[in-house]
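Engineer: Chain A is already provided as a structure; the job is to place chain B on it using the hints.
For reference, the chains in residue letters:
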Amino acid sequence: MFGYYLDLALRSLKRNRVLTALMVLTLALGIGASITTLTLLRLLSGDPLPQKSSRLFYAQVDPNSLSGYVAGQTKPDSLMGYVDAMNLLHAGRGTHRAALALTQAKIVPEHSTEHPYFSDGVITTTDFFPMFEVPFRYGNGWTAEDDTNRAALVVISDFLNDKLYGGANSVGKMLRINNHDFRIVGVLQHWAPQPRFYTQELGGRSYGDGEALFMPLSTARALNMDPQDIECYASVGNINKLEEAPCEWLGFWVQLDSAKAVADYREFLANYAKEQMALGRFKRSETALLDLMGWLRDREVVPDDVRLQTYLAFGFLLICVVNTVGLLLAKCLRRSREIGVRRALGATRRTVFAQFMVEASIVGLAGGLFGLLFAELGLWGVRHQPAEYASLARLDLTMFGSTFAVALAASLIAGLLPAWRACVLAPAPQLKAA
Amino acid sequence: MQIRPILATLRKHRIPAILIVLEIALACAVLCNAVFMISRRVASISLPNAIDEKELISVSMHGADPTRAAADIPRNLAALQGIAGVQAAGVISSLPLSTDNWGWSFGTQPDSVLEDRSSDQNTNVSLYMMAQGTERVLGLRLRQGRFFNADEYPGSLIGSGALPSTHVTVITESLAKKLWPGQSPLGKTIYSKPAYFTVVGVVADVLRPRLFGSDGLRSYHSSFFPMGPDQALANYVLRCPPAERERILREAVQKMQALNPSAVINGNTYEAIRNRYFADTSSMAWMLVLVCAVMLAVTAVGIVGLSSFWVTQRRAQIGIRRALGATRGDILRYFQLENFLLVGIGILLGMLLAYGINLFLMAHYELPRLPMLYLPAGALALWLIGQGAVLGPAQRAAAVPPVVATRAA
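Chains as they are written, first to last, in the numbering used here: chain A, 1 to 434; chain B, 1 to 409.
Excised from the complex, chain A in its bound form (with noise of 0.2 Å):
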């Protein structure tokens, strides 16, 4: 039965060439506009690290003044300073636990021909790697040791790797670094996890390139290397002196496996901010431990005119579908009396309206095929903004199933109301009129 409802549809769609290209033209509009924002908003909300976000922790303390200060609805800072930083790094408590801030790297070339240039840093401590899993190409992080003695090691991206040495192994190499000599002691594979994380609020992008370079906070420091972002929240003696002022420019990440472990952390995180309440240092005691998804969504990571895009194509999608009613309607409608022949020689509502859905499923099919092709069009577009997240804009497997079950959502949607005009007609009057 199904093949003579597809046989029946695909002649009653070639007899009405126009009208058929304008109904799936109409509807792949709807799906391509539609799947290209969906995707890009499924990219852009998506999980850094899945396999580990839930475990990973971003602290905050409060350390401000109380002028503006409503107990209980003031939130933390989203940065951390020094002291509390080094405070809650010594502490000591969960499995990993690191402090870090981005800097602007200055790289000089062996060859004095060649112009220094600025690379993307991250002074860190030595958890960050085990911490976040970062894969190593060549060599390896660097200890507790090194962090303590201020040591000048650096560890290197794959794509500052191939850039300098053509991809070879280079650890052991020096690399001057802000007029610095440093010992590389680890190339990473490719590693840039999107959303960038670890950069929010530290002045990095939210999207794209993983930084050139990693090197100990305490050696970065004392080479007088800034943070991109300082937030002070009192007057400033002496600016170069960030270690005592009261400013804030690292964010703190913990790694905690188990509900009693984040637990016991919140509890640990309350009671220094009680502590340094007591000591004088802090006015507030409000503190926060937010897992890496629930700090992204606090960050509102995710820009506001994807968000806006999307409910733009989905009113877009809705406006195509409607329009293909109305087409479906009035190619329907124009086929009355064929339909009172067919009902007059027997047949039932419910094979007329299964023929009809069959028809509008055709058209969603082929408007899905073809809104595919506009999808790729649009990330295609996309790819080519000067957004941050541009390069990002690629179509996986999942989006592209979604079109045509999106497609074909529409299509069935669309096709209920012309069906059920059609199956409801009454053949008598139609067959007169013949």
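What the hints contain is simulated information worked out from the structure, not anything from laboratory work. One should not assume that every hint holds.
[Said to hold, decoys possible] So these bits of chain B aren't anywhere near chain A, every CB distance computed over 10 Å:
1) 109
2) 193
3) 396
[As the list claims (entries may be wrong)] Stretches of chain A that chain B covers, calculated by requiring three or more beta carbons in the stretch to come under 8 Å of a beta carbon on chain B:
4) 105–112
5) 375–387
[What the hints assert, rightly or not] Computed footprint of chain B on chain A; a stretch qualifies when at least three of its residues, placed anywhere within it, have a C-beta under 8 Å from a C-beta of chain B:
6) 15–29
7) 303–309
8) 315–329
Even for Gly, the Cβ is constructed at its ideal location relative to N, Cα and C.
Structural biologist: Relative to the frame of chain A, chain B by itself:
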């Protein structure tokens, strides 16, 4: 033309009529909001900026030895001035729209401190520190008071502090209005204990290194300070004829690289800096324009489809009306009026929907209320599209000969 027969017909053909109304309503709702988003973006892209943007080149220098700033800055300036075609050279800490923001909060009371975070006490201001003569290179337009005197530059340094060690400042008109509404700002002082700065001049509005949404007012909270040779002065600016910008830019970058081999040098025309700042915004605006155009086309196609189907279905009735004496004009106007009515109902529903969506977006995103002007403008656009789309089918209807009446049924 009578409306009652049209209404009677519409009542008999409810589904196509409802579909047209629905199409128009949806198009209206989405269109109004999309156009509103476009207009807000265009507004921020076209924010005026009172410097001579077309004549400016910027060459930034970072990563140089800070202890040599006193010697390097005059030498670099002299070298840049020596390039053929350069009319004037200066150096400033940052440029409008360069994203490199040096911000600080000031109050208007002598005991104002940085800790006063609430906005009614303190105003966040962007700082531009500049060497002597840079105001002429940028083309700052003085509105009141004076620029800095020659003796105010050399002693003003930033060193390891966060604010320049001067006590004079020049601010923008918008900032003056915000700080002292209705009063003359000259001689008034801004404070952030222990620092204080007295306003000696007011310039036309210059944008900050970073904007605050499309909030025109806050985006102009800029202030200028004199500065001696200090490492904070990192952006060399050159004034030159627009036609020679590219050549001069190349020469200036080469010269700076040769003079400062260990520093990182970047050269851009000011227009490139501005375009890069707004690149995202303008590509989003173009995308919205494209979506609107396609949406209108889809809606028009839908109306054409439904109307022509409708005309075909009513050939017999049209024939009878013609036979009873209706002219071609009558038939044409009948369909046009019918479309006008349907689109009108659609617009009514659509506007309600548009303001509903707007309220939703206002609650979740930083969007202001949809201006009332969108009501007549959107209505007019949709009525025009409706009339354009119905013209073809209506003409076909008018061409139905009266003789059809005798043939059918």
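Engineer: Please go over all the hints and tell whether each is borne out by the structure.
Structural biologist: Going down the list of hints, with the structure as the test:
1. The claim that residue 109 of chain B lies off the interface holds: its Cβ sits roughly 14 Å from the closest Cβ of chain A, which is beyond the 10 Å cut-off.
2. Annotated as non-interface, residue 193 of chain B brings its C-beta within 10 Å of a C-beta of chain A; the closest such distance is 7 Å.
3. Distance check for residue 396 of chain B against chain A: the nearest CB is about 14 Å away, which clears 10 Å, and the non-interface claim stands.
4. For the stretch 105–112 of chain A, the assignment as covered by chain B holds, since 3 residues bring a beta-carbon within under 8 Å of that chain's beta-carbons and 3 suffice.
5. Judged by the Cβ-Cβ criterion of 8 Å, the stretch 375–387 of chain A is covered by chain B as claimed, because 4 of its residues qualify and three suffice.
6. Note: the stretch 15–29 of chain A has 4 residues with beta-carbon separation from chain B under 8 Å; the three-residue rule is met and the coverage holds.
7. Judged by the Cβ-Cβ criterion of 8 Å, the stretch 303–309 of chain A is covered by chain B as claimed, because 5 of its residues qualify and three suffice.
8. Under the rule that three or more residues need a Cβ within less than 8 Å of chain B, the assignment of the stretch 315–329 of chain A holds, with 11 such residues.
Checked against the numbered hints above, the structure breaks only hint 2 and satisfies the rest.
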